[in-house]
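J.: Protein chains in written order, with our numbering: chain A, 1 to 422; chain B, 1 to 409.
One or more hints might be untrue.
[What the hints assert, rightly or not] Okay, the calculated beta carbon distance ranges per label pair:
#, chain 1, residue 1, chain 2, residue 2, range
1, B, 332, A, 292, 55 to 63 Å
2, A, 378, B, 59, 33 to 41 Å
3, A, 422, B, 149, 54 to 62 Å
4, A, 304, B, 291, 34 to 42 Å
Worth flagging that the hints you see were computed from the coordinates, not collected in a lab. Owing to the predicted nature of the structure, the values given are computational and were not obtained by experimental measurement. From the three backbone atoms N, C-alpha and C, an ideal C-beta is built for every residue, glycine too.
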Amino acid sequence: MTGPLDGIRVVDLTVAWSGPGATALLGDLGAEVIRVEGNDRPSRQVSASLTKEAVRNSWQGATFPDRDPGARPYDRYAVFNWHARNKLSVCMNLDTPEGHAAALKLLQISDVFVENNARGTLEKLGLGHNELLELNPRLIVARMPPLGMSGPMSDYLGYGPNFNALVGISAIDGYEGEGPESAGDNNHMDEVSPASLAFSVIAALWDRERTGQGGLIEFSQAENLMQNMGEAYLDWQMNRRLPPIRGNSDAHFLQDVFPAKEDDRWVAISIRDDRDWQGLKSVIGDAPWLADGDDAELRAANSVELRRALSEWTQSRSSDEIVLALQARGVPAGEVMSESRLLADEHLRARQWFRERTHPSVGTHRYPGWPWRASGLDLAYGRPLPGFGEDNEYVYKALLGYSDDEYESLRERSLVTDAQLA
Amino acid sequence: MTPDQTMTQPVGTGRNPQVLSGSVVLDLSRWVVGEYATRFFGDLGSDVIKVEKPGEGSYTRHWGPFPEDVPDPEASALFLHLNTNKRSAALDLKDRDDRALLFKLVERADAVVESFRPGRLEELGLGPTTLQQCNPRLVVTRISPFGQDGPYRDYAATGLTLQAMGGPMHSTGDAHRAPLRKPGFLEWYAIGGVAAEATMAGLFQARRSGAGSIIDLSEHEVLLSGADRRAAHLLAAEYSGSDAPRGYPSAHRGGASFNGKFPAKDGLVLLYITTPAFWNRLVRLVSGDDAQFREKYLDHWDLGDDQEEFSEYLRKWFGQRCKADIMEIGQNARIPLTAFLSVNEVYEHPHFRERGAFVWGDHPRAGRLEYLSGPWRMDRGYELRMTAPLLGQHTDEIRAEVEGRSESC
């Protein structure tokens, strides 16, 4: 059994989370994903000179094994490594003639090119999609500019929370009864870009079998994010209404996040219908306040008081006790899980979801598994990450045909290294 | 540019072929995840047939919001958004003739996407092995809260409990209050996108190998693999033994960090400073002629005791200006600074209008509305061929299409 994308070569010029998340999905399907990384910049969003001392008091320290960036911080950064599985790494400094030439040679023999840099970056590097498609008409060039390649805002700078604000997500985010100022941060644009982009790449590969042609996929991440509130755009047109901020509560269900007995442990509980309510009653037992929720109308009218009473009950029970008792009666309940709780979770252990892998730069660890699995289809989970420049020889010599002398010359001039210098 | 002035695109003038023309997907789902996933296929030209329970149909038909809040299963905004480019066949999965028709559809389908509770398809005599006996190339995408096996297999779930158990909720919100979910239907959309990608992978594999696959998609695991902090935080905890702090903003923030929501004259703006370069641009921008302030705060991102003074200065600067102006001035100065827009402001924004991010569609019950155009711009790509179907609208047409075919399943 081979993976769906076996034999497909992907050139990966992605940064941060949304782009690498997409190429990780392609790598899961067996594609050969080659990260092109410059040694003259923090290609993995971390400096080569980061020290243990510098991160001693920040949470960034916690993103390294044993809180130690070590000699190769760029190989040890969890913020990068979570999406690094199955990938290769080749050192090319694209702002040098040598790096540019090597990149073009690689793109000439590749099937897919994915990038999520700021608008215009490829053009500045002399790697604009028109040139690439002339060079290799079978190439699928997938570009992920946050606000698209055209339009008055297409040059705008921002991080995940900026785009949440821009496209209306932040306007509906916050604690119940409060304003958007009360919300925390999230990077939902990063969450939803990878799969939508990967879908379009596979669809383009499917179509290419018929047409023999590649082409450009322009993927505006912000417009993809807008899809996540599509019903609100229709509600505005129908009713001139904007969605309210509901926090953890819901218009249809009686639900909230409740404190358990243990310090800072929380349980989410949703009562969807009368059946769930009866289930809750059978767990709680005899309590007068339960009569105030016996049907949907009563639950809506008494929502605040019922949740307050439920909160008093949950604070007298452990989170495990609450979840087990309610789930035994088919009532949706789940603890708000910290990472350590998930690493010890019995369901995930039974599903073998975490994957133990080893790499010289970090040792042996468990890594987050695939988002889905299948029978009749082979998914890849090979190396957990590529060391910086780990595949230089393979790419330059085996793929691009550089002679030993040519390759050595690049190494001597530090244009090709297996360490990040910046 | 107001909606009335936009270019209209007639619905139903499908170019042929689009990227996925010729493929057939059966949507047996009843909620956001499966419907969003299968809509991707319809968006790119697949023949997507939504199989719905007669008289009832999808749950999203009954969710709303509705025009003037009058419940109408043919005018639910959620259903309308999720089910463009699909046909609807009303089939009773327990009726002999309807099942015969279903098997004829299965025979010519590339994929079936379902989100019943694990085991339900088998109970109905429609398990994946049965379906694949009929069509060995069939991809069966099975969407469930916790997967087709495992201790939580039969656990009940809602969006909130899935976010709690799978998503990055533990470090979202205020550190001293209850963890806060992401709003709306965000988690369902995230999972739907992955279901689309998985199904497309199955189709690609089936074309190569001639064999189908059975995809086990656990909504829980999709969220656990999530690019929004979850996977990164899990690996960090594994590496260092430390959980992400409650209410933690972002792992991307480096040393020169300063971010926050600031009130403008007419709303809010979001400032997200992560580097010394951004910091200095901000200082130059807001100091204007105030040389003293500029000198004091250039390179001084490590504010220490000056935190309050700086924040107050910033609040005053933002408070005197409108959010749109702040965003324009800030972006001109190359600072990650955006206004909080609400849906209506996005809907009318020249940037999205110029890009053609909306397309008009006529629906027999909901009338003329603008829909979000697909997020991919590609040759033979997105088209709004049809608005969402009425319940069972295409049953007869589909029956006629497969009539006369000899029964093989």
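J.: With reference to the structure, classify each hint as holding or not holding.
T.: Evaluated hints:
| no. | hint | verdict |
| --- | --- | --- |
| 1 | B:332 with A:292: 55 to 63 Å | holds, 56 Å |
| 2 | A:378 with B:59: 33 to 41 Å | holds, 34 Å |
| 3 | A:422 with B:149: 54 to 62 Å | violated, 47 Å |
| 4 | A:304 with B:291: 34 to 42 Å | violated, 54 Å |
This entry does not satisfy hints 3 and 4, going by the numbered hints stated previously.
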